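Undergrad: Start from chain V and add chains C, G and Y according to the hints.
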Amino acid sequence: MFYFIINRLAQALLVMAVVSAISFSLFNFVGDPVNNMVGQDATREQRIEIRQQLGLDDPILVQYQRFMINVAQGDFGLSYRIKQPVSQLILERLPATLELVFASAIIAVFIGIVLGVFTGIRRYSWVSKIIMSVSLIGVSLPTFIIGIGLIYLFAVYLRWLPSSGRAGVIEIGGWKTSLLTIDGWRSIILPAITLSLFQLTMILRLVRAEMLEVMRSDYIKFARARGLTNRAIHFGHALRNTLVPVITIIGLNIGGLIAYSVITETVFQWPGTGLMFIQAVDFVDVPIMAAYLIFVALLFVVINLIVDILYFVVDPRIRRGGS
Amino acid sequence: MSHLLEIKNLSVNFPSRRGQVAAVNQVSISVEKGEVLGLVGESGAGKSTVGNSVINLLEPPGYISGGEIIFDGIRIDQKSNEDMRKIRGAKIGTIFQDPQTSLNPLMTIGKQLSETLIETLKISGSSAREKSIELLESVGIPDPVERLNAYPHQFSGGMRQRVVIALALAGDPDLIIADEPTTALDVSIQKQILDLIKSLCKARNLGVIIVTHDIGVIAEIADRVAVMYNGQLVEQGTVKQVLQKPKHDYTKSLISAVPSGDQKLHRFTVVDYIDGSEEKVTLENVSDHWLSKNKSSETHKTAISVKDLSIEFSIRQALFRKNRIFLKAVDNVSLQIQTGESFGLVGESGSGKSTLARLIAGLYQPKSGEIDIFGHDVLQRNQKAKTSLIRRKMQMIFQDPYSSLNSRMTVEDIISEPIRFHRSTLNSNETSKVVNDLISFVGMPMTALKKYPHEFSGGQRQRISIARALASRPEILICDEPTSALDVSVQANILNLLKDLQEELSLTMLFISHDLPVIRQMCDRVAVMQNGKICEIAKTDTLFDDPQHEYSKHLLGLMPRMDLFRL
Amino acid sequence: MSETNKSSSRWQRFLDNDIVYSFFTTPGAIIAASITFIAITAAFAAPIIAPYNPFDPAQISLWDGKLPPAWADGGSPAYLLGTDNQGRDMLSTILYGGRISILVGIAAVFLGMLLGVTLGVISGYFGGLTDTIIMRIADVQLTIPGILVAILINGIGRAALPLELREEFAIYVVIVAIGLTDWPQFARVARGATLVEAEKEYVQAAKLIGLPKFTIILRHILPNTLRPVLVIATIGLALAIIAEATLSFLGQGIPPTTPSLGTLIRVGNEFLFSGLWWITFFPAIALIILVFSVNLLGDWMRDALNPKLR
Amino acid sequence: MNFCKLAKLSSVALIMATTANAENVLRWTSQGDALTMDPHSQNESPTIAFNGQIYEALVARDIEMNLVPELAESWTASPDGWTFKLRQGVTFHDGADFTAEDVVFSFNRALEESSDYKEQVKTVSSIEVIDDYTVKLVTAGANPILPNTLTNVYIMDSGWAKANGVEKPQDFAAEEETFSVRNSNGTGPFMLMSRAPEELSVLERNPNWWGDSMYPGNVDRIEYRPIKNAATRVAALLSGEVDFVLDAPLQDLKRIEATEGLTTKTVAQVRSIFFGMDQSVDELRSSNVKGANPFRDIKVREAFNLAIDKDAIQRVVMDGLSFPTGIITPPGVLGNTPELDQQYGFDLDKAKSLMAEAGYADGFEVQLDCPNNRYNNDEKICQAAVAMLAKIGVKVNLDAIPKAQHFPKIQKRISDFYMLGWGVSTLDSHYVFSYLFEGEGSWNGIGYNNARVNEITKLIETETDIPKRTALIDEAWHIIKKEMPYLPIHHQVLGWSMKDNVDVPIAADDHLRPRYVVFK
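Protein chains in written order, with the numbering used here: chain V, 843 to 1165; chain C, 1434 to 2000; chain G, 489 to 798; chain Y, 14 to 533.
Quick caveat, the hints were computed from the structure, so don't treat them as lab data.
Predicted, not measured: the structure shown is a model, and the values here were computed from it.
Beta carbons: idealized from backbone N, C-alpha and C, even for Gly.
What follows is a set of in silico ranges between Cβ atoms, one per label pair, in the way DEER data are often shown:
1. V:VAL976 x Y:LEU361: 49 to 59 angstroms
2. V:ASP899 x G:ILE594: 36 to 46 angstroms
3. Y:GLU126 x V:ASN912: 19 to 29 angstroms
This is chain V alone, in the form it adopts within the complex (with noise of 0.2 angstroms):
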């Protein structure tokens, strides 16, 4: 245990160690940051002049000294654009994706295992024939079309619920939650579905696979021969050890919502890190995109972390050691 912590935590620095020199070199390879952030009419004095305020004629290795140092103490300096600290805009911002992540990820793990499960148990229903094609389906959708195709029905069409932006945000403890007004709900719905479509369907049919798989099982075939309930043994048994390798899938999957959330946040005008990552992209603004990537790497290392450990909570084979 204590060999798997230290290696899971040794692989963890390796990943930021790697990330962040990835970062890095981002500033030397994207665009003139100083083009940004001055007006169409400032002279090239004013320009060279911006330039040695940045450090950015420095020798590479000093500059990279110079970050990794800011970095360890959570400074990504000044955004060339708005010229605030990065990392307060994303302590403001994290608040919306998080949320966002976090609700497509209830919908997409939630939905996503209880039709794994029905389709898995009832595989040659026709319901989860439906289920199972409008899944590929699912897959098959690029997460824009979707974002696109729902606000025109659901905002423009039907006009049920707003078609971008994140209403009614109240504030507590320091953290901004739209999850506490009617409005706020109304407004994560669509951008929620849409992040979380790709996802679902992915987990669905990892689920339905796992579950065949499991369902095959001697031990299954056993509890049935003790006369155990269905309910007993598709719940009780099966899912639970459908539950191990999905874990792992779900655990990257919400990594890839962070991700997608890049899209989905730009669709609907969600104020997250996403849409704050594109901006700064059309910006070129360089600590905006490193912060973003080391962020977005220390989450899905600390997923991947929380994933090991729920590993040991749901596994007594690992829990224990092997014998």
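TA: For chains C, G and Y alone, coordinates are given in the frame of chain V:
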């Protein structure tokens, strides 16, 4: 008087795209309380299907196409799923083959027991707990109170099978169907489990159906026996009656095919009843044939010499070496095998016998020790060319016929690969001639060459494996449990083939098996292994007649005594 | 035995094959394969069957821009599915665009597969430090979501190329970007399969024959790892086509002068509210049908190639 | 942490937002939010427009772009500067009085190193306070257009700035954001109530505003929500969530106009779109022509001009919403005349023969650099140009990229052939000459260098005789029109969309002026 269970003219069909396959055809058997019925047959005989039909858990798409199943006077084959569920567990308990996979790995056994008890006996949680302890005690699990909170992986194989039996008994059934309950277990444990089942049957006045392929098990435990072949019941009667005076030809050949532990025969009795492979073609003038042309110029008296050989596997990783746990799979082993000798290696699973064989074959690198093949130290690094030449003289036959052939290659490619790789023929014409000779030499038709491995049965695949091994023109053949995955009738054929080959090609043979009678039939000398160490090396007859080491004695004591029934 | 006999028996055996049988008895698989086949053929035959060449700027007339489909009011019979904002024939543009999408998808998957399978098999077979290094790199890459990696590689690739090569190489940059995000999947699957296969006794037998490591890997292990890899590749193709579309939708992919389906949807999306629905609708439908049929095929393949599920 | 306080404030405001129905609430959206509330930190159009609702300058432009008094009631020129009479009785939102001291403070602040408005005020050498309500901006020489450049130089309260430690605009090197980034205190018609950047900003009517009776506007409250994605922005209008969209895509205007309850307004924008052709180098970087630069040949430039069908671009690409032109400065700017504005026309045959005369009968290859997120349909215009130039045999490779990567190419003069748009905030040609034509102009990416044009650029900086100055400007434009260094396409048109129960007068500088907005 009605039987506890009566099966009348049961037929089970499996529809497939090539038509209906009758897995069970008009089978009628019955079981009484307090009686153990053995249902014996080889793989594909339909014996497990009979068991599954009784509890209505046929693998889809199989279905009962005819006949009646009457349990306790009530016809149950047409009952609804829900009604059958209430019978399963409560009236009919079941034990499956593999205790490793029969238990839910994520649930404590206490939970699995109490869940079953609550469902079948409709009792409260606390009394279920008491009952669970009682049950575990009755199947011989020590410390039952503590063990309730343990997970399946914390039990050894035998203990796990005891838990499975406890679970099968939980609903206080009248009938137990045990499907190959000991096949996955070591001999020593096998006997304990069989004794347990037998004693429970008598103590609780249960009806028991034991489904098995192993005549030895039948002899050990059953009161009556029913023999199945190809979906049909060929014979039934009391054990004594059937084993001693088999009426049906199939039964006769089946019994005669079981290797005897007490005397060495020249050849195994072959089950004539089974139309299996073609008869082996004996090559004329083998000594002039391609196969014999690569003999070592220098002949060493000692083919294999192993000195202080050790290997260990890491079974727990840790940051610091002192915290890591290693398993000494082979621990300081020394032995010598003479050229032309047939040397046996016997032991239970985990004793390290397969590891030792692979070390000798060069598939694993030892941690320490020496291996000399024909006097050449194969572990030294400076004579690689010579070492690989020597190594080529050593080939292996593996246990699992399904994984030992590359399923993506035709049989011809498989057999010709070593020939082409070593360029040991002059041209492709000679290669195909040699391949043709080899395939008939191991008793297979030439048409087999163009086919892929999945088109063959286990025994045929083992023959192809042998042909592939011969294609390297080996002088040493290592056989690692070559027949333990095969039916007894096929086993005899393969063992006979190996015997003939050894004789004709004067091969040195290292023969590994857990099955003492097989060892006795095959080997000149034998080594007994336990926990990575060799306990005893002796001439085969000496060992069987007068074992010195405690463990050898113990093993021999467990050997099924078929002879009790032979006249 | 005559030659014809031999081949017919071979054909017979082919039909007898469980997978082939499963294919011909699964209507979904037949439909999916047909659509995929038609789509791929149509895409590659685009220069022959398309009425116009939308990639040749000299053939485009801006005055024909924004025409609706032939059957709608104001539509021209010369343009069956209408024209886009530049005056390109939608039907031809979709055929050519589909070609680019499929090309990018196949090339990216192939690249990912080549890299992933090579590394995965090496990793699985040799184990030890090699394995650790390769799989750690894969883990690191899996840590950053694919689409971000693609945006990143694409951005760096474009920035690193000399100006004049950028447009020409945009498609290769996209292929590399998507291919490089794909490989860990293949590596994991190939490694897993290799670990299983390498333990099998036929590999040990091959070692005993004395075959060199790479012969064993190529002749014995590789062919046996291909089944799961094939399944991943098919599903990967669908994902790669979507990834290309998403990149293009974000303005990071194929330039609109030689548009892919994704670029077409992005461009057309801007006209959705102005009533020019056909500019985005037809490419979107084409994309969805294409991806759906590839997915359907992959789905069937996964079931058919997994004997346990049958 | 002031962020918490602020956020709490915003939540209160949001709850109010949902309850206050009786008021005239203007809910509107556009692509990009203001970058900061600091009036001197960012010289960027949306920021200027947004802050213009809160802050005021000495002079302003009305809807027609005429200079009108704002915090100054009148102004007079003298050879050494301009004297401004300040409006009396004006208070800042926090109640402080507006005096000459605030003007001095604000101009000095705009001159700070970290200010983004140095260019606008750099000709001001000193500021004299004549009395509490009169200031004189002293310039080095005569500056005929100084008031034109002051419309974006907003006046802050010196006391408030000092109290909150924001005497200087935000600096790049600073570690933390300053108070003025999120807080504001102007004299303008609206007061900032809450602000969540890129999310929602709420402004409320300033009850004490001096101009209440002079302007027709009756908006009580403004809720601004930026929406980046164009389709989403239009969807928000179509679904009735916003009352006004500043920048709906041009092609959607027809649809919006046709929707019941919605209407659109268009106006010519003060921005011209054109292509630049680099004549500074001896050999183009992206061309297959070696050893020569085809763009140096006026025949080639003319052929390009004639090959591009600006009417087709107007009709199909721009949906009629553009004004094809022959000069790269729009009407309304001093220097534009109807005669100069005439486009060169479209004549494919003549273009082909010109190419042949120039020795490029088979055309040549060149790369066109184009932004894809800056101008109306920028990338689509370029695409259309690619097709049109193909017809005279020129193979154009299009590289359309975000503006952040596009503009440096022009400034570093490494682009052979590029698209650029130029807006003229001063409404005077000098702004165009000095950046685009003067030999050293920082946006002169084509290396144009004409002695007379250079000279005129210098002369009109100090020439105060208006007719003489106008004649000089006219002369320069005629030289340019003849030499065709750039390839003019059109002047952009702005299109605003709104519900028809609200009248939002459109302004050519694309700035929303809520003081004119009337709810019917």
